[in-house]
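Chemist: Next come the chains, spelled out residue by residue.
4 protein chains.
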Amino acid sequence: MKRPLEPSAEARGRVVGVTDGVFAIALTLIVLEIRVPSHEAVHSEGELLAAIAALAPRFLTYALSFLTLTIFWFGQQAQHGLIAKSDRRLATLNLCFLAFIALLPFSTDLLADFLKFRIAVVVYWLNLLMLGVTLLASWWYAEKNGFLAEGVDAETKRTVYLRIVKAQVLWAVGTALCLISPLLSIAFILLVQLIYAAAPRGSLLRKLIG
Amino acid sequence: MKRPLEPSAEARGRVVGVTDGVFAIALTLIVLEIRVPSHEAVHSEGELLAAIAALAPRFLTYALSFLTLTIFWFGQQAQHGLIAKSDRRLATLNLCFLAFIALLPFSTDLLADFLKFRIAVVVYWLNLLMLGVTLLASWWYAEKNGFLAEGVDAETKRTVYLRIVKAQVLWAVGTALCLISPLLSIAFILLVQLIYAAAPRGSLLRKLIG
Amino acid sequence: MKRPLEPSAEARGRVVGVTDGVFAIALTLIVLEIRVPSHEAVHSEGELLAAIAALAPRFLTYALSFLTLTIFWFGQQAQHGLIAKSDRRLATLNLCFLAFIALLPFSTDLLADFLKFRIAVVVYWLNLLMLGVTLLASWWYAEKNGFLAEGVDAETKRTVYLRIVKAQVLWAVGTALCLISPLLSIAFILLVQLIYAAAPRGSLLRKLIG
Amino acid sequence: MKRPLEPSAEARGRVVGVTDGVFAIALTLIVLEIRVPSHEAVHSEGELLAAIAALAPRFLTYALSFLTLTIFWFGQQAQHGLIAKSDRRLATLNLCFLAFIALLPFSTDLLADFLKFRIAVVVYWLNLLMLGVTLLASWWYAEKNGFLAEGVDAETKRTVYLRIVKAQVLWAVGTALCLISPLLSIAFILLVQLIYAAAPRGSLLRKLIG
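Protein chains in written order, with this note's numbering: chain R, 1 to 210; chain A, 1 to 210; chain E, 1 to 210; chain X, 1 to 210.
In case anyone wonders, no lab produced these hints; they're calculated from the structure.
There's no promise every hint is true.
No copy is singled out in the list; a pair is fine if it fits within one copy or between any two copies.
Unchecked claim - Straight-line C-alpha distance at most 30 Å; calculated DSS-like pairs for lysine-lysine: (1) K166 / K116; (2) K85 / K157; (3) K85 / K166; (4) K157 / K116; (5) K116 / K144; (6) K85 / K116.
Only chain R is shown next, with the shape it has when bound in the complex (with noise of 0.2 Å):
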């Protein structure tokens, strides 16, 4: 007998389906607030340049967010390639991760506007907190319900907490930096995804951040 929604690899592949869409529209997305220049503000070759180079906040931004949903993109793949099937509940916290995912190019283009408010960086921060906290549950309802793949042995589950935590306290770190300054706090995240991003594994700075 068949029941609606059980537990099954079709699940999987749909959460994938609609997850790689989500991340392809995000990753558009924040593009399509890199306004064109206004026609009427530009008269020679010097103004257009002048006016390109005063968009480099929002390539910044642009550049710090592509990174952000480069490392969360492996987040989730990560996670998802260690887990054999999936219900209704564990597609359900994919889909909140999914929201917060949205809602990255708002967060970004909040930042990019008040590039030297405090709120702006808090908000960024809680945006990179709810993601950190969907992923987390996600891997614990999974491991819970015995939804992991045959070989995930116990180091293989902590690591998976263990990077989680560990770029979380980082975002925390440099989230509290906007104390100092807030554009110190967007250097040292966009540092930190950075090196997450680009550093070789094995690589001293890798092993400091985990």
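Given chain R, work out where chains A, E and X should sit, using these hints.
Modeler: Chains A, E and X only, in chain R's frame:
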């Protein structure tokens, strides 16, 4: 001999592809209406905090629509998991369902903009109603034409019907509450969606709403 | 020895992925033009109802474009189901088809904004025409290069050609009606799309339009 | 024992999913800038025709970007078809490539708005350059780490490199022409894209541009 568009498993796969695409876009579009406060109106941290707090209704209706999309994503998936193949007509019914999913960001924005207007609640409800109608029609058509997977028994068939009808009754009741107050309607519908999305299967609450 | 971009089943799969993505986006984009009434202009339930009623032409053209997208989605799928593999050139023809699918929200908006202008009808028709031309070219190219699946006989080949041509003839007739009245054109085209999407196969209406 | 994010075929599949999503969105976004003429400015069929004709530069740059997206979609696909598996670093390179694909609608709009400005041509070229650089880096990394599929011989490897380099040389030459006239640059680049997309393999034109 091969004929174009015979009922097939590939047709079923294409429907899944477009469905997940539309859901991914709808999930992201409803966020687009959460606009970053204008730079001109904000001169201090306090003003920025107030401007973000003023976005609260948007976040509320975002949460509402996110839950609604989640519920219908599972609804579509629950059906589709029990359907073995699809012909052109069934795919058309599915696309009609998607047409109303695509309208959900509009209904949501309308609700967020006109929180205290009964018409906005009624339009939102009509959207929910049409989603139920198209789901019901798909299931009825698939059953009548023998597209259901093997092992789908009479009880499962009835369960699928009952779930759709029960949810519609609850939403109709919620909408009727707008005769008292539109905000009461929204609170009631939000509560229903929360229970569907998060209440443990077998819990009292879940049994109450079916 | 492996060469880049040899005709393959994977190339066919990628075309399907991009196609379903573009259709999902187009289906959602045409809704974006249905804008929530401005808060300033609405002070009572009656005014909100009137403002929503004023959106009627948008809903009409949304329905029209939704039906059109449905028809071409099936058109592309009917062809693709009979094609076993794809090379770069066939994929390019498919992307050209998608370029005109992506233009459909523009043509639709133009029609909705200028319901009583012949030029708007002609632009919409040109879009439909180019969709037919690219579909026809794909089929002709796939047939000529032996990319059709086994078991596709001469009659099926002819059927595919005939369907495209018949639909184009009907749309051309519908467009010609704009010499009498643009609204008559739109009504005629809408009727044709409705019959394609919903009339039972084998019914008199269906036989009439092929 | 299973470790998170080991090089795998599934990781490769996820990259394809996100890639096709971003391309589908980019293809559709460049159309969004083709805006329907304002109702206020149009009172007769003649004025509507004139307003649509005034959109010609938009259609030109749409065609240009569509061709460019097509070429890079095939570029990515040509590489990916020869790569058997993907690790996190290769996927990151692919996402960097996608970040520049997502920027293409911006560069295109800039070009359409400032057709006669050299800076706009240079920005467009920088976008093309970065797309080439990220593709080149992906290929180099996949080759160095043994991720290529079996049967990829030295000649095929060289072909992939050569194609990227030749296209970049042509675009650099085209961009240099903006010293004479930006419109000449655009015409030259458009011609190159047309030949890549449509000239028969083995034809004289194709041999000339490699």
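Chemist: Next step is simple, just say for each hint if it's right about the structure.
Modeler: Hints, one by one, checked against the model:
no.	hint	in the structure
1	K166 / K116	within (26 Å within a copy, 45 Å between copies)
2	K85 / K157	both (16 Å within a copy, 24 Å between copies)
3	K85 / K166	both (27 Å within a copy, 29 Å between copies)
4	K157 / K116	neither (39 Å within a copy, 49 Å between copies)
5	K116 / K144	neither (43 Å within a copy, 43 Å between copies)
6	K85 / K116	neither (45 Å within a copy, 43 Å between copies)
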